[in-house]
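Numbers 100 to 279, taken from the numbering used here, label the letters of the sequence shown in order.
It is possible that part of the hints are untrue.
Simulated restraints on C-beta separations [what the hints assert, rightly or not]:
#1 L159 / L229: 33 to 41 Å
#2 A231 / V162: 54 to 62 Å
#3 L230 / S147: 42 to 50 Å
#4 R179 / I250: 18 to 26 Å
Since the hints were made in silico from the structure, they are not lab data. Glycine is no exception: its CB is placed at the ideal position from the N, C-alpha and C atoms.
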Amino acid sequence: MPGLVQRYKISSEYAELVSTVPTQRSRTHRGRRWTSAATAAISDEASSWYTAACPPLEDLQAVLQRIRVDQDFSQERTFRFLSPLLVFGILFATAVIALQPYSFAHHILSAPKEHTREIVTWGMALVGSLLAGLVILRTVIWCVAEVSDMIIVMDRRRDERERNTKPLPPANVLLGAFFM
Numbered sequence: 100m101p102g103l104v105q106r107y108k109i110s111s112e113y114a115e116l117v118s119t120v121p122t123q124r125s126r127t128h129r130g131r132r133w134t135s136a137a138t139a140a141i142s143d144e145a146s147s148w149y150t151a152a153c154p155p156l157e158d159l160q161a162v163l164q165r166i167r168v169d170q171d172f173s174q175e176r177t178f179r180f181l182s183p184l185l186v187f188g189i190l191f192a193t194a195v196i197a198l199q200p201y202s203f204a205h206h207i208l209s210a211p212k213e214h215t216r217e218i219v220t221w222g223m224a225l226v227g228s229l230l231a232g233l234v235i236l237r238t239v240i241w242c243v244a245e246v247s248d249m250i251i252v253m254d255r256r257r258d259e260r261e262r263n264t265k266p267l268p269p270a271n272v273l274l275g276a277f278f279m
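Starting from the given sequences, assemble the full structure and let the hints guide the process.
In structure tokens form, the structure reads like this:
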């Protein structure tokens, strides 16, 4: 019997949520009318999104610990995987910019012998941007590894236990603080 009552309640809340007829139980919030079923549905949805976006610290620590132990997820391997993608992206962006109708490449390639200084300047800028991009990529990978190590080291449960077991201060300390 409880199953029938529960199914009726769910179906009635859904019908209330879908219905456009105003009910007496509706509330106004920021100019909108919300029913209790709509509020419940929205709060359930919001809590699901929050749980998905911000998992509990213990779950995050477990995942990061598994990734840290796995030999396939080292900083070197990640850098070796991502660096060709970064180089390709920089070269592709340079090619897209250079092939525009009024770009520097058309000006330089019209007479390359006359513009050797510009070719060397743009070549050095390209190599410099590649090296800077690789240094930034390596720094980001290192920072992510350090932050994940800090998250793994955190012991939130111990802090919560200590916070809950601290004795309350005596009444005279509390009263003395009020009359200072």
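Each hint tested on the structure:
no. : hint                    : result
1   : L159 / L229: 33 to 41 Å : holds, 34 Å
2   : A231 / V162: 54 to 62 Å : violated, 32 Å
3   : L230 / S147: 42 to 50 Å : holds, 45 Å
4   : R179 / I250: 18 to 26 Å : holds, 24 Å
Hint compliance for this structure: hint 2 alone is broken.
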